[in-house]
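Asker: Note that the protein sequences, when read in sequence, are chains W and Z.
Numbering-wise (the working numbering), the first sequence opens with residue 13 and increments by one.
Numbering-wise (the working numbering), the second sequence opens with residue 467 and increments by one.
Don't read these hints as lab results, they were simulated from the structure.
Treat the hints with caution; some may be incorrect.
Estimated spans, in silico, between C-beta atoms of each pair [unchecked claim]:
id	chain 1	residue 1	chain 2	residue 2	range
1	W	Phe127	Z	Ser670	54 to 62 Å
2	W	Met189	Z	Arg580	23 to 31 Å
3	Z	Gly530	W	Leu249	52 to 60 Å
4	Z	Gly605	W	Lys17	56 to 64 Å
Interface residues of chain W toward chain Z, partial, derived using beta-carbon atoms under 10 Å [what the hints assert, rightly or not]:
id	residue
5	Thr16
6	Arg194
7	Ile208
8	Lys307
Note that the coordinates shown come from a computational prediction; the quantities given were computed from them, not determined experimentally.
Here a beta-carbon is modelled for each residue, glycine too, at the ideal position from N, C-alpha and C.
Spelled out, the chains give:
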Amino acid sequence: MDVTKFVQVCLNGLTLGSLYALIALGYTLVYGVLRFINFAHSDVVTIGAWMAFVFAAAIGWAGTDSPLFAMPVILAMSMAVCATLGFTIERLAYRPLRRAPRLNVLITAIGVSLFLQNSGQLKWVFGTQPQAMPKLLSEEALFTLAGVRVPVVDVVVVVLAFTLLVALQWLVFRTRMGQAMRAVSFDERTAALMGINVDMIISYTFMIGSALAAAGGMIYGLKYGNLLQSADSVWVLLGLKAFVAAVVGGIGNVRGAVAGAFLIAFVEMFGAAYRSPQMRDVYVFGILIAVLILKPGGLLGKATVEKV
Amino acid sequence: MALLEVDGLEVRYGGIHALRGVSFTVDEGQVVALIGANGAGKTTTLRAISGVVRASKGRVRFAGRDTTGLPPHQIVALGLAHAPEGRGIFANLSVDENLAIGAYLRRDHAAVARDREHALTLFPRLKERLSQNAGTLSGGEQQMLAIARALLARPRLLLLDEPSLGLAPQIVQLIFKIVRTIAAEGTTILLVEQNAHMALGVASTGHVLEVGSLVTSGPARELAADDAIRKAYLGGH
Numbered sequence: 013m014d015v016t017k018f019v020q021v022c023l024n025g026l027t028l029g030s031l032y033a034l035i036a037l038g039y040t041l042v043y044g045v046l047r048f049i050n051f052a053h054s055d056v057v058t059i060g061a062w063m064a065f066v067f068a069a070a071i072g073w074a075g076t077d078s079p080l081f082a083m084p085v086i087l088a089m090s091m092a093v094c095a096t097l098g099f100t101i102e103r104l105a106y107r108p109l110r111r112a113p114r115l116n117v118l119i120t121a122i123g124v125s126l127f128l129q130n131s132g133q134l135k136w137v138f139g140t141q142p143q144a145m146p147k148l149l150s151e152e153a154l155f156t157l158a159g160v161r162v163p164v165v166d167v168v169v170v171v172l173a174f175t176l177l178v179a180l181q182w183l184v185f186r187t188r189m190g191q192a193m194r195a196v197s198f199d200e201r202t203a204a205l206m207g208i209n210v211d212m213i214i215s216y217t218f219m220i221g222s223a224l225a226a227a228g229g230m231i232y233g234l235k236y237g238n239l240l241q242s243a244d245s246v247w248v249l250l251g252l253k254a255f256v257a258a259v260v261g262g263i264g265n266v267r268g269a270v271a272g273a274f275l276i277a278f279v280e281m282f283g284a285a286y287r288s289p290q291m292r293d294v295y296v297f298g299i300l301i302a303v304l305i306l307k308p309g310g311l312l313g314k315a316t317v318e319k320v
Numbered sequence: 467m468a469l470l471e472v473d474g475l476e477v478r479y480g481g482i483h484a485l486r487g488v489s490f491t492v493d494e495g496q497v498v499a500l501i502g503a504n505g506a507g508k509t510t511t512l513r514a515i516s517g518v519v520r521a522s523k524g525r526v527r528f529a530g531r532d533t534t535g536l537p538p539h540q541i542v543a544l545g546l547a548h549a550p551e552g553r554g555i556f557a558n559l560s561v562d563e564n565l566a567i568g569a570y571l572r573r574d575h576a577a578v579a580r581d582r583e584h585a586l587t588l589f590p591r592l593k594e595r596l597s598q599n600a601g602t603l604s605g606g607e608q609q610m611l612a613i614a615r616a617l618l619a620r621p622r623l624l625l626l627d628e629p630s631l632g633l634a635p636q637i638v639q640l641i642f643k644i645v646r647t648i649a650a651e652g653t654t655i656l657l658v659e660q661n662a663h664m665a666l667g668v669a670s671t672g673h674v675l676e677v678g679s680l681v682t683s684g685p686a687r688e689l690a691a692d693d694a695i696r697k698a699y700l701g702g703h
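All chains, please: the whole structure from these sequences, using the hints.
Answerer: What follows is the structure, encoded as structure tokens:
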């Protein structure tokens with residue numbers, strides 16, 4: 013067996029899984045508190061990636077000669093913009109529909125998604141031309157493992173993703189706000205009776221999910237380099253796969269989203285490397301179908317009976 | 467001045483007129499029971515007081531403020547705790563986390579720790595189950611948790627909705643014994659019950675609710691002795 017190839021594929025799975033996990037968490041967090049799928053989430057990822065490009069271009073950080081702090085600074089700016097965007101989307105589009113049937117909210121989410129995709133193409137927003145993300149991180153090898161060059165960018169991507177995942181885990185399970193989020197997720201009305209400001213918790217949830225989406229978008233840019241225009245199907249597919257990860261792990265479950273993301277990414281990468289690169293999307297959606305048949309609640313989710 | 471004043475309260479759910487002008491007061495330190503049959507509007511009254519449902523007419527004053535139309539979290543912040551119908555336990559949180567969330571708005575951590583200890587002496591069963599998922603508790607234990615959690619808010623007014631619902635007689639006895647203790651410690655309680663016998667046993671004042679209106683009010687002891695009420699609500703003998 014070719015060890016080098018195997019290690020390389022594992023490394024690819026690890027970075028892609030980190031990317032999926034950051035995006036999947038946004039789907040799962042919002043589903044947790046509002047019980048609906050925020051179809052506009054993948055567009056927040058797109059905007060996060062593009063904002064990173066816009067900020068880097070505006071500041072003039074164009075390549076690996078940029079200062080070391082360029083990447084964290086741009087990441088923070090992009091996360092802040094997306095958090096604000098997430099807050100605004102919820103406030104303007106979803107909150108007025110809080111008491112409306114869920115289908116209305118779902119359709120609204122699709123509307124928000126189309127709005128963001130198409131307004132992103134405007135000349136004075138991001139435009140219709142693809143752009144190359146500045147290489148803020150070196151692609152030189154930091155070290156070599158079993159003959160595989162491990163570039164700086166991969167290490168940073170994985171470390172960043174894990175840091176954010178651990179931080180989120182801490183936030184949800186160890187803080188007062190996380191406790192409130194989980195209470196709202198279980199029973200909004202009783203949560204309000206505990207003195208929890210439910211609207212505020214929902215706003216925070218959108219902000220956190222959207223900030224993680226920005227991190228995902230930036231990681232995508234740094235790793236894959238090329239930013240296609242905001243309505244390109246590559247973004248939709250990225251969001252869709254992250255959504256699949258959240259469903260495979262058990263939608264609404266934070267740990268499940270992360271587990272699902274890495275499972276999907278590894279299967280995708282191993283399938284592409286050892287079977288057929290053209291079929292990589294088929295493997296991802298194949299897992300989705302298998303999980304939905306065998307364990308409809310997701311790997312870490314609880315089976316629930318949905319009243320229709 | 468009364469701690470709680472309910473004045474001409476009306477609530478409509480779509481076409482249904484659930485409350486048709488209910489007025490009563492609760493004084494500081496008092497235990498007031500609201501009794502009546504299923505669907506009389508008891509739960510709706512409590513929900514309108516805590517802001518979970520909106521009054522279509524009438525006013526609620528609590529702790530010297532007009533709280534009509536305020537969202538629940540703001541009313542709760544004024545010192546109200548509502549242990550809702552069906553207990554409202556967060557089954558995805560541990561027993562300990564449920565208790566902690568009862569004190570969500572409090573910043574006096576040392577006093578919260580003392581109140582937690584006190585609640586656990588009232589309900590020693592919970593102490594053995596602190597780290598357990600609250601969803602795994604029995605019905606009686608969940609009711610205990612709901613009351614303990616409400617106490618951790620250190621409320622000026624405690625709303626209890628049907629604490630006896632679906633529980634074995636022994637457990638009901640136990641729960642009411644503790645309700646009596648809580649009242650004796652000075653907590654003002656507004657209690658809603660179908661079990662009129664138990665409710666009038668702990669309350670000083672009682673109100674009888676029938677299809678959205680108060681039909682009889684008076685000292686609990688007199689209500690308990692009233693023939694018509696005995697017939698209607700006490701399994702009449």
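Asker: Decide, hint by hint, whether the structure agrees.
Answerer: How the hints compare with the structure:
1. W:Phe127 x Z:Ser670: 54 to 62 Å: Check passed, 60 Å falls within 54 to 62 Å.
2. W:Met189 x Z:Arg580: 23 to 31 Å: 24 Å, holds
3. Z:Gly530 x W:Leu249: 52 to 60 Å: Given a distance of about 59 Å, which is inside 52 to 60 Å, the answer is holds.
4. Z:Gly605 x W:Lys17: 56 to 64 Å: Check passed, 58 Å falls within 56 to 64 Å.
5. Thr16: 45 Å, violated
6. Arg194: 6 Å, holds
7. Ile208: With a closest approach of 6 Å, the Ile208 of chain W hint holds.
8. Lys307: Result: violated, 19 Å to nearest chain Z Cβ.
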